[in-house]
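Full structure from sequences and hints, please.
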Amino acid sequence: MLNYIWGALMIISIICGFVTGRTKELADSIFSGAQESVELVISLFGMMCFWTGFMKIAELGGLTSALSKIFSPILQRLFPEYKSNSKAISAICMNVTANLLGLGNAATPMGIMAMKEMQKKNIKKDTANNSMAMFVVINTASIQLIPTFMAILRQKHGSREPFDVLPAIWIVSIISLIIGITVAKILEKRGKKIE
Amino acid sequence: MNNIASYTLPIIIMLILIFGYSKKVPVFDAFISGCKDGMNSTISIAPSLIGLITSVSMLKASGALDIFSSAISPFTNMLGIPAEVIPLAILRPISGSGSIALLNGILSDVGVDSFAGRVASVMMSATETTFYTVTVYFGAVGIKNTRHTIPSALIADISGFFLSVLVVMLLFGV
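So the protein lines, in turn, are chains D and S. Sequential numbering from 183 applies to the first sequence in our numbering. Sequential numbering from 2 applies to the second sequence in our numbering.
Simulated from the structure, these hints should not be mistaken for laboratory data. Honestly, I wouldn't trust all of these hints.
Straight-line distance between alpha carbons at most 27 Å, and here's what the computed DSSO-like set of lysine-lysine pairs gives [unchecked claim]:
#	chain 1	residue 1	chain 2	residue 2
1	D	K269	S	K61
2	S	K61	D	K338
3	D	K371	D	K306
4	D	K367	S	K25
5	S	K25	D	K251
Okay, structure coming up:
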């Protein structure tokens, strides 16, 4: 998809630049854009590494598995088809906890493991069952306790208080997660009626 | 509120260290190994950021972004949404690095502590690259028919978009 979007953005810019006569600005922007992107990566680099380093301490201490036990009772209700399947449920819990802690590198392998466990009991192998759809919907809603990347980016742009958007992020994430879960629940029932 | 926010990071760091020591984690060794993971993932997003930030910068310099913003401004003004965040809302579910590029542009143009800057920050953090997530998870088990997954996820994303504007308005004012 990005193969089309990226090229199209550049072609639109070039045509638009010629039409509006801003050719000088356009040519300059190619140099400044490429330079700016490297500056951005370098300015994010230190704090990104520092933070993943710190979260590794939490991970090795077993924070993910400790927290995932707390979420297990809530999550079991969302995946009724796998209530008794402890392997699937524990992979789901670990994935949700890793996402919550912002451990993207750990969350994805856990999530894939959860999908593979769920696929074992799935009747139509090329079609998602309700629990699998629910699991992916939860993963597409970003629920992160400390959105570090955002704080680092805001700091870099000279925010007075890079964390001041934190409460707003939590409120919006939680409400949109609830909306996602509710819509998935409604649509899965409607799907059954059609069948 | 601001005071709580500046306590957040130091307190979390202290808690993680205490937690690590209590679980007998070799904290410095763990930190180093995590740091290496962080380096790898930062380096791995660099090429896409170079490509996309350059294209966004071209889009701004050519005037295309201004034309788009003024074209949609009657609609966004009516709803009280800053026009700058519309391209971000469109690209967010499709591309993670693309939306970082747009967000970076918004933050440097309109200011990080402005209304639009805050809305863009909340929108970016409270939603996810939906299409990528769906592809990775269903692709891993070979599922082609995802049924109601994408409609549900996109409704959540659209709600997140409007909620970002609303919540920032309520907490910070316009």
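Could you check the structure against the hints above and give me the numbers of any it violates, in ascending order? 1, 4
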